[in-house]
Amino acid sequence: MKIKKVLTLSLAALVAMGIFQVTWAAKPKPLEVVFSEFDDPNVYKEAFWKEFLGNFTAKNPGIKVRRIHNNDNDIRTNWQNQVATGAGPDITFAPHDSIGLFAESGTALELDKFFSKSFYSQFDAKIINDYKYKGKIYGIPYRHGNAVMLIYNKKLLAEAPKTMNELIEKAKQLTKGNEQYGLVFDMVEPFFTIGFLGGFGGQVFDAKGNITLNTEPMKKMMQLVYDFKFTHKITPKEANSDVANGLFREGKAAMTICGPWLLPQLDAAKIDYGIAVLPKLDGANYPAPYSGAKVIVLNPNLAQDKKKAEAVKKFVAYMNSASVQLKYAKMVSEIPTNSKALSDPYVKNDPKVKALSEQLKKAVPMPSRPEMRCVWDAMKSTMALVMGGKLKPEDAPKAMQVEAEKLKKNMLGQ
Amino acid sequence: MTGKKSMAPYLLIAPAVLVLLFMIGYPLLYGVNLSFTNMNLMHFRNYTYVGLTNYFSILTDVEFYTTAWRTIVWTVINVFFSVSFGVLLAILLNRKLPGKNFLRILLMLPWAIPQYIAVLTWRNMFQAQYGTIDILLNKLGITGVAWLSDPFWTFIACIITNVWLGIPFMMVIALGALQSIPGELYEVALLDGAKSSQKHWFITLPLLKPVMVPSLVISSVWTFNMVNVIFMMTGRTGDNQTQILVSRVYRDAFTYFNYSKAATFSVIIFLILAIFASVFIKAMKGGEGVYD
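For the record, the sequence lines run as chains A and B.
Residue numbers for the first sequence follow this note's numbering, beginning at 1 and rising by one.
Residue numbers for the second sequence follow this note's numbering, beginning at 1 and rising by one.
Watch out, some of these pointers could steer you wrong.
Unchecked claim - Pairs of lysine-lysine residues, derived as BS3-like cross-links and limited to a Cα-Cα distance of at most 27 Å, are as follows:
hint : chain 1 : residue 1 : chain 2 : residue 2
1    : A       : 176       : A       : 233
2    : A       : 390       : A       : 229
3    : A       : 270       : A       : 155
4    : B       : 139       : A       : 390
5    : A       : 155       : A       : 172
6    : A       : 237       : B       : 139
7    : A       : 270       : A       : 162
8    : A       : 252       : B       : 139
9    : A       : 113       : A       : 306
10   : A       : 219       : A       : 408
11   : B       : 199       : A       : 176
12   : B       : 209       : A       : 233
13   : A       : 229       : B       : 139
Rather than coming from a laboratory, the hints here were simulated on the basis of the structure.
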């Protein structure tokens with residue numbers, strides 16, 4: 001008796017499930033494209049994304065787009081781990097310097113042939129070329145900027161200095177004990193000062209990709225940064241980004257070396273500021289800070305999934321149309337990469353963007369080799385010793401070189 | 001019938017065992033497996049087995065030993081101070097004290113604050129020139145301590161923060177143990193004419209031991225593996241001069257993507273801690289009951 005009951009019940013359940021499946025199958029399942037982004041949620045709010053994605057799905061009813069937010073510390077790691085397991089989102093936005101890591105570890109699709117020639121022709125050719133890795137496209141730059149510039153408080157300083165010596169002189173006059181500083185910048189992360197290396201004619205990699213930190217230009221750069229603090233005494237005793245930005249925002253610093261991301265904070269604090277290119281180094285060139293782009297990277301699995309690949313292509317094309325790129329870049333005062341968007345009055349006339357474009361002309365793209373991580377960490381720990389007064393600036397280049405090579409060996413498991 | 005009866009306990013613990021197997025057993029074995037491969041960013045999706053290569057490369061690197069030594073120093077100092085302060089405060093709180101409840105809440109606060117908020121707050125306080133600590137030190141005539149730019153002082157700052165974070169746990173454990181010590185013992189000691197210090201030495205401390213030994217082990221393991229404080233105080237990866245073993249694991253795995261090496265480090269840390277825990281508990285006879 002009992003067994004019979006159980007049997008009939010389970011049979012009924014099976015039939016019911018079958019019916020459900022039929023009804024599911026009857027409706028065409030929309031193709032789902034998943035992308036992960038790392039945009040500042042304070043700027044790119046839910047309402048923005050709703051409109052951004054809504055406009056796309058309105059024109060492409062068969063495609064459903066799902067967004068995953070990451071913070072900028074996690075975006076690489078999450079992508080690496082998820083793609084390594086054979087799954088992961090279809091698209092990720094990423095800082096361009098992670099391309100090397102993705103390409104080497106096989107977590108990025110090579111894109112030279114994935115998109116048509118006509119797709120690439122809508123971009124500024126130089127930008128596409130600048131952000132290739134080992135001669136191939138792994139990431140499509142959709143927004144460009146991120147170089148540090150000289151930002152000065154117009155209340156304290158009427159005009160930006162033209163040369164480094166002039167900057168130092170002005171800064172000396174404007175430094176008043178602990179109350180006010182001539183110059184503030186993040187003294188922890190070498191990203192803010194690496195432009196001086198290029199200005200003195202140095203590079204962190206040679207043409208073959210070997211690390212080249214133990215050089216004369218590096219010595220000059222370290223000496224300059226050391227002198228800011230110890231010889232000319234124009235900076236605070238120590239400063240990370242929080243302190244440097246805080247001082248400048250409170251009007252306690254005449255000049256700062258920082259990127260466009262600081263500008264919204266300054267607008268909010270109602271600081272009357274000016275922006276200029278980093279002043280020319282005396283007896284050398286203009287500093288060449290690193291520029292950065294945000295790029296679109298695709299999941300290697302798309303090579304096998306033609307149907308999804310088509311949907312992804314449509315979405316990427318939508319993102320990079322002139323009007324969408326422009327709107328997207330405007331929100332953070334950065335620069336689009338679509339040629340048509342680049343000729344928009346916004347890029348030509350907006351004072352912030354104009355200043356950033358001027359600085360970008362002197363900037364170089366941050367190397368995207370994975371070894372860059374070793375270079376940064378070696379520079380950071382050595383710079384800490386120099387700025388702590390524990391290591392002479394002239395001894396720093398050698399220490400950096402040794403440390404960076406050790407980190408590289410460790411990274412590659414050699 | 002008897003067979004069924006003896007199955008019952010196993011069935012009862014089965015869910016817990018299953019959860020442990022999946023949550024701890026599987027990741028552990030996966031990690032050990034990973035440590036014998038060459039999974040790094042050059043061999044990320046196509047890694048192969050390389051035997052003991054990772055172990056050799058770590059154990060022949062001088063930096064491993066300096067880092068291990070720093071980790072031991074870090075653990076000993078942290079545990080010593082958090083236990084001493086914790087027990088001391090517990091003894092104070094165990095007496096008749098005006099406003100005791102309020103004090104107790106105040107002293108437990110560090111525990112209630114999310115760790116990362118606490119660490120970031122401490123980091124701001126250690127800031128040269130504008131941090132609270134530097135301002136106070138300046139008033140006392142002490143200048144020039146570069147807390148966050150000199151690796152030595154950064155390490156000290158990490159220790160201070162971690163001790164502050166560790167005290168409440170030890171205090172609560174010790175307080176619980178103190179309150180379970182029967183009052184008669186002290187009365188008898190009083191009748192025998194024991195001094196206050198003797199009471200602590202001969203009654204309080206021995207009776208605290210059975211509770212304190214396991215919590216010492218736990219807190220040593222926690223401190224040994226405390227990545228948060230170092231990570232946040234130094235900003236992301238930690239410099240070489242402030243690195244401990246577990247922050248090294250973090251760095252190798254998540255900034256350099258050398259997963260196999262990080263897994264090897266983890267296995268070594270696991271072995272160190274397993275040996276330490278079993279030896280320490282045996283030596284302290286920690287498993288024994290209070291009145292054995």
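Exercise for review: Run the structure past the numbered hints and jot down the numbers of the failing ones, going up.
Suggested key: Failing hints, ascending: 11, 12.
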